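Asks: Each chain, written out:
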Amino acid sequence: MQEEKPIIELKNVTKLFGNKIALDNVSLKVKKGEFITVLGPSGCGKTTLLRLIAGFHAASNGEIWMSGKEITQTPPYMRPVNTVFQNYALFPHLNVYDNIAFGLKLKKMTGKEIEKKLKSALRMVGMTDYEYRDVDSLSGGQQQRVAIARAIVNEPQVLLLDEPLAALDLKMRKDMQLELKDMHKTLGITFVYVTHDQEEALTLSDTIVVMSEGKIQQIGSPTDIYNEPQNSFVADFIGESNILNGMMVHDGLVHFCNADFECVDKGFGKNTQVDVVIRPEDLYIFPVSDVAQLVGVVQSTIFKGVHYEMTVLCDGYEILVQDYHQFGVNTEVGLLVKPFDIQIMKKERICNTFKGKLLDTSHVEFLGCTFECFPVSGIEEGAEVKVEVDFSDIILQDNEEDGMLTGEVNFILYKGDHYHLTIRSDWDEDVFVDTNDIWDDGDRVGISIPPPVVRVIKMTD
Amino acid sequence: MNRKFLLYASSRKSWALPYLIFAVIFVVVPLLLIIVYAFTNDGGHLTLENFEKFFKHQEAINTFIFSIGIAILTTLFCILLGYPAAWILSNSKLNRSKTLVILFILPMWVNILVRTLATVALFNFVSIPLGEGALIFGMVYNFIPFMIYPIYNTLQKMDRSYIDAAADLGANPMNVFLKVVLPLSMPGVMSGIMMVFMPTITTFAIAELLTLNNIKLFGTTIQENINNSMWNYGAALSLIMLLLIAATTLFNTKDNNGSNAGGGLW
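Top line first, the protein sequences correspond to chains Z and U.
First residue of the first sequence: -8, per the numbering used here; consecutive thereafter.
First residue of the second sequence: 833, per the numbering used here; consecutive thereafter.
Chain Z with its partners taken away, still in its complex shape (with noise of 0.2 Å):
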């Protein structure tokens, strides 16, 4: 069977404002009637990506596709894509009929023609009867209906939401995630959509796009996306997961909390670093018994409502546990989980490597400082060098003098028995620590890399 041709694509499409880098070298897919979610925290392009599908931004970079057309320089009013705003943004002079016509007027509808497809999209949103109220006086909710309407109603190949649902109560935005869900089996039209909510995404979607710092770090169906994220942002990102160092023995076996288990992951090669994802639920727990393959003792234990959520020190390591049943704080227990229920991830890196410049003998340039160095010898002095230094040997300190550079702690990672911290510096250069102490997000933070631990290494090519 001849493969579908894409709905919209996105050809390694980079936007900046001014100098930051908002969307870096996307590349996207969508097929046509798919319920696709972009899904990321704040600040990670998903907007943006959004915007530009819509036609209000310029792509820096690259090309947009729709339905196998260019429409990269197209403008908004002539794309085939209608937006549900986030904020809605129904016009406040016109009332519910005028602003769910706005769109079939310009087209020059008759009368007749807007009225029936009005009543259609006002029965499909359940807000028949509201044709003349005006729009504030209509409840959060009620506005959203009308929005989704007025989007709706000038049938549009694709459907934009930029979070639509993220102004509501819970209990509303429930109920509007499964109206959605039918109203896109109904409608039989793509959906784009976006949010930060992880749970929303998982509910709704056919595929989900998981971004992060404006690039995509995954794309994959939400129980893909869910068992086998594919680095430890998604799996940290999507639910709860206890991420952990482990060491891949050989295909089939791997080490962590200082014992060996069976898994189904292959390929990874022999005594290879690796993270290892558990989701809490994977895990059986009960009173020491032969079969535990980790034995530990109870942390906390909190009520969740369906579920106990208890810490278990295993061994130096913490491990989130969910269970219908409850083990006291202090209790002994074993802990097992399943083969099949271990998710490993090859390490994006395992240690720091920055690019740097040799300046004599001991002193090397790098993330725009100088740092001292250990004698290095067979190198000559101004070459072009890398510089590898291991995450648990850089220092932060509390206060920013203190430090050699100073930068902003990014992302937060707990390993178990550590912080995986990543540190942006002030010329934009990531720095990956692992620490003991307890740092927040968005912290400010010194950063000093004593001589002994940088290694200076010849440029091989």
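Calculated directly from the structure, the hints in this document are not laboratory data.
It should be emphasised that the depicted structure is a prediction, and the values quoted were computed from it without experimental measurement.
Hints are not guaranteed to be accurate.
Here are the simulated DSS-like pairs of lysine-lysine, each with C-alpha atoms no more than 27 Å apart in a straight line [what the hints assert, rightly or not]:
| hint | chain 1 | residue 1 | chain 2 | residue 2 |
| --- | --- | --- | --- | --- |
| 1 | Z | K22 | Z | K206 |
| 2 | Z | K172 | Z | K22 |
| 3 | Z | K11 | U | K925 |
| 4 | U | K1011 | Z | K107 |
| 5 | Z | K108 | U | K930 |
| 6 | Z | K449 | Z | K377 |
| 7 | U | K1011 | Z | K110 |
| 8 | Z | K96 | Z | K108 |
| 9 | U | K1011 | Z | K96 |
| 10 | Z | K99 | U | K1011 |
| 11 | U | K930 | Z | K11 |
Let chain Z serve as the given structure and place chain U on it in line with the hints.
Replies: What follows is chain U alone, placed relative to chain Z:
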């Protein structure tokens, strides 16, 4: 009684007292005086003869109509020139540093008479004859900031997502303007009209200077009568003009009703 007074003096209500006294002396009393003078004759007897005189006096009526015409024309020019200017000012792409706003408001820092005298000098220098054209130019020049500023304010405050939404629904830039931007900025335009129309209809200094006293506006007629000690007739003319302005104000407030009123000047 004494305690009551103290209580009042220490309450926040008492803060309004100075303004109340000011308003009574300089607004209410003069208005009452105008009404009293308009309906009495030299001898102080109640009469309507001042109004009769006006409606029989063809020249005065002509001046009145001419003044309204000039005011309407000035206002129209101010809208036509001021709206695009306000649009440019409110557009952050075209006006990154807000300095343009200052440049447009700057003429308001100079006294209106000084500006008009300078205009006269300038017209003489490039030998453009003074007259009706010069008058309208002078009026537009003097009053256009009052049109730009309220429109600029409403455009500035307008949520840009309305423009996005309109474009998204298939409106080309022309339709976006006509169907969304213009209706949403109407409160600002109305404020601007009030700010320009009212002073232009009552002005006389600009007319005197820029037409070498050849064209008489209604303001001039009033001023002449009062200068010639015809207080009662002058008061009647003032009252007629007041009613006209009051009428336009009513029209304006009715239009603004409910919406979060326009330019911030009214």
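Asks: For each hint, tell me whether it holds in the structure or not.
Replies: Comparing the hints with the structure gives:
1. K22/Z with K206/Z: Cα-Cα ~20 Å, so holds.
2. K172/Z with K22/Z: The hint holds at about 17 Å.
3. K11/Z with K925/U: It holds: about 18 Å lies between the C-alpha atoms, which stays within 27 Å.
4. K1011/U with K107/Z: holds (23 Å)
5. K108/Z with K930/U: Violated - the C-alpha atoms of K930/U and K108/Z are around 45 Å apart, more than 27 Å.
6. K449/Z with K377/Z: Within the cut-off at roughly 6 Å; holds.
7. K1011/U with K110/Z: holds (23 Å)
8. K96/Z with K108/Z: holds (12 Å)
9. K1011/U with K96/Z: holds (11 Å)
10. K99/Z with K1011/U: Roughly 14 Å separates the two Cα atoms, so the pair holds.
11. K930/U with K11/Z: Answer holds: K930/U to K11/Z is near 23 Å, not above 27 Å.
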